[in-house]
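Number of protein chains: 2
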Amino acid sequence: MINRSKAVDLLRNNNNFSILTHKSPDGDTLGSAYALCHILQDIGKNARVLVCGEMPKRYDYLRENIIENDFLEEYIVSVDIAADSLLGQLESYIGKINLCIDHHPSNTLTADNILIEGDSAATAEIIYELAKLLGVKITKDIAKCIFTGVTTDTGCFRFANTTAKTHRVAADMIDAGCDGTYINRVMFDTKSRSRLEIERMARETMKFFVDGQCAVIYTTLEMIEKANAIDDDMEGISSIPRQVEGVSVGITMREQEDGSYKVSVRTSDGVNASQICQKFDGGGHQGAAGCTVEGGLEEARAKLVAAAEEIIKNNK
Amino acid sequence: MINRSKAVDLLRNNNNFSILTHKSPDGDTLGSAYALCHILQDIGKNARVLVCGEMPKRYDYLRENIIENDFLEEYIVSVDIAADSLLGQLESYIGKINLCIDHHPSNTLTADNILIEGDSAATAEIIYELAKLLGVKITKDIAKCIFTGVTTDTGCFRFANTTAKTHRVAADMIDAGCDGTYINRVMFDTKSRSRLEIERMARETMKFFVDGQCAVIYTTLEMIEKANAIDDDMEGISSIPRQVEGVSVGITMREQEDGSYKVSVRTSDGVNASQICQKFDGGGHQGAAGCTVEGGLEEARAKLVAAAEEIIKNNK
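Keeping their order, the protein sequence lines are chains A and B. The first sequence lines up with residues 853 to 1168 when you count with my numbering. The second sequence lines up with residues 853 to 1168 when you count with my numbering.
Among the clues, some could well be false.
Put simply, identical chains are the same to the list, so a pair is met inside one copy or across any two.
[Claimed, not checked] Within a straight-line C-alpha distance of at most 16 Å, the following computed EDC-like cross-link-like pairs (lysine to aspartate or glutamate) qualify: (1) K1114 - E1151; (2) K1059 - E1049; (3) K1017 - D1031; (4) K1043 - E1097.
None of these hints come from the bench; they were simulated from the model. Every value quoted in this text rests on a predicted model; they were computed, and no experiment measured them.
Chain A extracted, bound-state conformation (with noise of 0.2 Å):
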């Protein structure tokens, strides 16, 4: 583990930047990515960005006046990477990372030097600090890579994660010039019709446990192809269960190619997420985690009810 000025020394004295992000790249790891990107670029250094996958489209601003550099001999770093198996198609870098930043207090990545700030909302907040000790001037394009990680990584300041520090790192990316609200316009408030369909036929399956206290929906491999739905779509279906009056525990399950179950696990009222997903080998935050559970629909969901039951019951 290292702190945030030695850091800074390892990002002054190297030239040649390779950022990784995390497998299904979402907005911390690929805003925290792209602020870095451009922070580098900024003090005369050559940088770029590997996105572990395909990019989300509506990320594509993120790419915006990116200068896109090459070079060989490589300082690899990553942002936002939690563990080795979060390298996905990226993974021959597997044991070759020379610096990893992150929020994850759980993180378990293999590399050189570590600086993990869990007290952080989102990745982003760390290299706004970062950005600040090298010197460089926040820009506009800075500025909506950082607020992008912010607001996703705290579904809009509404996580139990979000701090007066968050509230203060996204007014200066507005005042850095940032179109905050454009940002949560595409982030948060504009779904396709496919978005909408299997969101429709994921609330028909929603079934309730432990006296209204779990709540389980789930989706199926028809479902999403009758829907026409992307991977894309499928973001905040997770949120759904849980924002039910009397809901602590809402589990959200997918179904995988193989049969088996992708899981997202929301709680609230204390109870911890992570602890559920831990007896199914999974794990992530007190409010927010998942796991992937063997066995055909029902088995998989009487197997979660029951671990949720018993965290809920624990919680007592």
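With chain A's structure known, arrange chain B on it following the hints.
Structure of chain B alone, referenced to chain A:
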């Protein structure tokens, strides 16, 4: 029109305050009223809040630790009330208001002294500025009232009225001990089963017009009865149609007892919602406005779509 320091003088030089909210009270009028009530009591004044109509139950926490003061002679302050017609059941106060504090630039309320700050996202932001000028310490009780006003009037920091200042006010309130996560969860992330049901039914009525740029949904009295929905369950329904990709005008029609439709218009991409509603003697902001339209469902919808089409085309 008066300025802040004159408003502060009026608050300092009077003693018995009745603070009025607008009808169908929302988070900003209630949060502003209870914040101001705490502030005045904290500087030794008598103060009470007169809520117009019934206060939705989920706002109950705003009243915590309020001391009920009783007095005869009143100095009357209105918060977030933009017109005499919005006094509803408090209509006996029309013409008797001593100080009006509001953020609606279109304000037409009859009052002796009027403080309007149209660049504030919420009236609660103005109350915070007044508290600072009065030298009042922001207690946890004040903080949660102000945070509630700010977060509800900006749709959790998402609407176009959100500024850097809005985020800094939120940050200060969190620092003062307000639990923003709890408030946002209650305001935005908790839906009753009736709400889920009326939302599902309303979504099913969605129709598209003007090449997919205008979407309309409606609710009937019958639907509301079937879903067992109360007024409180209808909040946020009007944001649904505009959320669809490509839609710049989202219209929500709610059937009233007299057969007319109460209409909410939400817009984006520079289309002015207020201009659409003005055609039906309504009004509001650039991005959100309201009006009432007579006629059966089909006729009322056709009139609204025609008005929307005209404004969309003028906007090109």
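Notebook entry, point to check: Looking back at the numbered hints, which does the structure fail to meet, lowest number first?
Noted result: Going through the list in order, the structure violates no hint and respects every one.
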